[in-house]
Amino acid sequence: DIQTCIDKVRPVRFGEHLVVTAYSSGYCLGAANWLIDCGGEKIITSSSTIPIHPLPLDEAAFNDVDIVILSDLRDGDSSIFENILMEIGQH
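For the sequence shown, this note's numbering begins at 6 and goes up steadily by one.
Worth flagging that the hints you see were computed from the coordinates, not collected in a lab. Quick caveat: nothing in here was measured; it's all calculated off a predicted structure. Take the hints with a grain of salt, since some may be wrong.
To be verified - What follows is a set of in silico ranges between Cβ atoms, one per label pair, in the way DEER data are often shown:
no.	residue 1	residue 2	range
1	P16	L60	32 to 38 Å
2	Q8	L34	36 to 42 Å
3	G35	T9	31 to 37 Å
4	A36	D71	21 to 27 Å
What the hints assert, rightly or not - For lysine to aspartate or glutamate, the following EDC-like pairs were computed, each having C-alpha atoms within a straight-line distance of at most 16 Å:
no.	residue 1	residue 2
5	K13	E46
6	K47	D71
7	K47	D69
Idealized CB from N, CA, C, for every residue including glycine.
From just these sequences and the hints, can you work out the full model?
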């Protein structure tokens, strides 16, 4: 439900401290998965599961997070996508 999601949005105020850390996404040079620590809640974003860069996906970034936001996870082989979701779920 969209309204339920919108109700969870919390504004960031001036002077409020957040810790934002970039982790290797394994996609390409400069691509990152972002971990946002809001002081009690950890949120990670991931926009690709296609490993085409020599530096692999840093799976440790998914440990002990409260919220995972996934996007652009298209893949021609759905079994690969399902395996990735299973791996993320184990962390």
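To see whether the hints hold, each was checked on the structure:
no.	hint	in the structure
1	P16 <-> L60: 32 to 38 Å	34 Å, holds
2	Q8 <-> L34: 36 to 42 Å	39 Å, holds
3	G35 <-> T9: 31 to 37 Å	34 Å, holds
4	A36 <-> D71: 21 to 27 Å	23 Å, holds
5	K13 <-> E46	12 Å, holds
6	K47 <-> D71	5 Å, holds
7	K47 <-> D69	8 Å, holds
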